[in-house]
Amino acid sequence: MFSKPEYGWVWISVGDCRIEGSYLTDIPMDFLNALINSLEHDLPFSVSVDEEGIRDMICADRSGVFVIELRRGTAELKQAHISLEEFRTGIIDGVEAYFDQWVYDWELLDLDRGDRHYARRKAELESKLSTAKRLLNG
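The opening residue of the sequence shown carries number 1 in this note's numbering; numbering runs sequentially from there.
The hints are simulated quantities; they were obtained by calculation from the structure and are not laboratory data. The C-beta atom is built at its ideal place from N, Cα and C for all residues, glycine as well. Hints may contain errors.
Said to hold, decoys possible - In the DSS-like style, the derived pairs of lysine-lysine whose C-alpha atoms are separated by at most 25 Å in a straight line are:
#, residue 1, residue 2
1, Lys4, Lys128
2, Lys133, Lys122
3, Lys4, Lys122
4, Lys4, Lys133
5, Lys128, Lys78
Stated by the list, open to error - What follows is a list of derived Cβ distance ranges for each label pair:
#, residue 1, residue 2, range
6, Arg62, Asp115, 18 to 28 Å
7, Ala119, Arg18, 18 to 28 Å
8, Ala75, Thr131, 14 to 24 Å
9, Leu77, Glu126, 17 to 27 Å
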């Protein structure tokens, strides 16, 4: 689902839809938080992605997975051709695949945050991944 995060940008592939996310939103935390909330409360999944000038919303429930592109006062709705189950597991797989980049390289606003910050971020991401996996599989 996620390409390797580089220089504060990541490609997000949702079925046949592809969007780009910037470091202005915390992509892995936002996606995991939305996934956990959706699974814990049996709610639709919804997350916002900033493309620096374009805002995308990704929404998913049992009826389908959708990408809404918001640009200059217009909205374009696209149905992503992916199952809800594939979408959910794609989030977990995508965060795990580039875990170190999400921990150490994603936040470009302040490059010198120190070991404590990264230890907390790593622990938080690990905890969210564990919770999401437990809810998805359990």
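Hints and how they fare:
no.: 1; hint: Lys4 <-> Lys128; verdict: holds (20 Å)
no.: 2; hint: Lys133 <-> Lys122; verdict: holds (16 Å)
no.: 3; hint: Lys4 <-> Lys122; verdict: holds (17 Å)
no.: 4; hint: Lys4 <-> Lys133; verdict: holds (21 Å)
no.: 5; hint: Lys128 <-> Lys78; verdict: violated (28 Å)
no.: 6; hint: Arg62 <-> Asp115: 18 to 28 Å; verdict: violated (43 Å)
no.: 7; hint: Ala119 <-> Arg18: 18 to 28 Å; verdict: violated (33 Å)
no.: 8; hint: Ala75 <-> Thr131: 14 to 24 Å; verdict: violated (32 Å)
no.: 9; hint: Leu77 <-> Glu126: 17 to 27 Å; verdict: violated (35 Å)
The structure is inconsistent with the numbered hints 5, 6, 7, 8 and 9, although it conforms to all the rest.
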